[in-house]
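K.L.:
Next come the chains, spelled out residue by residue.
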Amino acid sequence: MPMAANDIETMIKDALPDAQIEIKDLAGDGDHYSATIVSSAFAGKSKVQQHQMVYAALKGNMGGALHALALTTRSE
Amino acid sequence: MTDIHALIDSEIKSNDVILFMKGTPQFPQCGFSGQVVQILDHLGVTYKGINVLESAEMRQGIKDYSNWPTTPQLYIKGEFIGGCDIVREMFQAGELQTQLETSGVAVKSAS
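Here the protein sequences line up with chains A and B, keeping their order.
Residue 76, in our numbering, is where the first sequence stops; the numbers in between run on with no holes.
Residue 111, in our numbering, is where the second sequence stops; the numbers in between run on with no holes.
Chain A extracted, bound-state conformation (with noise of 0.2 Å):
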């Protein structure tokens, strides 16, 4: 079952609270997604640890509800 955008923004906001984030439809099949995620808490995690926390917080969504997110992570 697809996800919508604005659930996987909630998703990722309740994880990382001051995190900015833009998300695009890349396919508008609710599949393929690519988001832009400004946080703080990524400060000083590298690129893998840093995706590693926004899978943390699509909850096991990521790689089965949710086929691809093309990730773009930044600490500011």
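Below, computed lysine to any residue pairings styled on SDA-like, alpha-carbon distance capped at 20 Å:
id, chain 1, residue 1, chain 2, residue 2
1, A, Lys47, B, Tyr65
2, A, Lys47, B, Glu95
3, A, Lys47, B, Ser66
4, A, Lys59, B, Gly61
5, A, Lys45, B, Met90
6, B, Lys63, A, Gly63
7, B, Lys48, B, Gln97
8, B, Lys77, B, Asp41
9, A, Lys47, B, Lys77
10, A, Lys24, B, Gly31
11, B, Lys63, A, Gln52
12, B, Lys22, A, Gly63
13, A, Lys45, B, Glu95
14, A, Lys47, B, Gly78
15, A, Lys59, A, Met3
16, B, Lys22, B, Asn51
Worth flagging that the hints you see were computed from the coordinates, not collected in a lab.
All figures in this text were calculated on a predicted structure; none of them were measured in a lab.
Starting from the known structure of chain A, arrange chain B on it as the hints suggest.
P.N.:
Positioned in the frame of chain A, the structure of chain B alone reads:
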């Protein structure tokens, strides 16, 4: 350590550069896997491709191994580098070439 975990671990440790992907380097079966193949081929890097579609156990096992929910997954000298986004971002910033060179992996063109 489960069998699949041990297999993944030994593959990663016995190949300088290894890409767990959907399909093969010759015939990628996913756009994201294909992008990483293009980058590695452009850099002229010798690498091993492992097709996770050949085994459901491998497909899930690699996600558990790295705590990363998707493929492709690129490893250099045993270190998990990332998926398509991170590899592309690193390549565009020249960081992938630097990582390969400092890891002692031959890179054809540094551009």
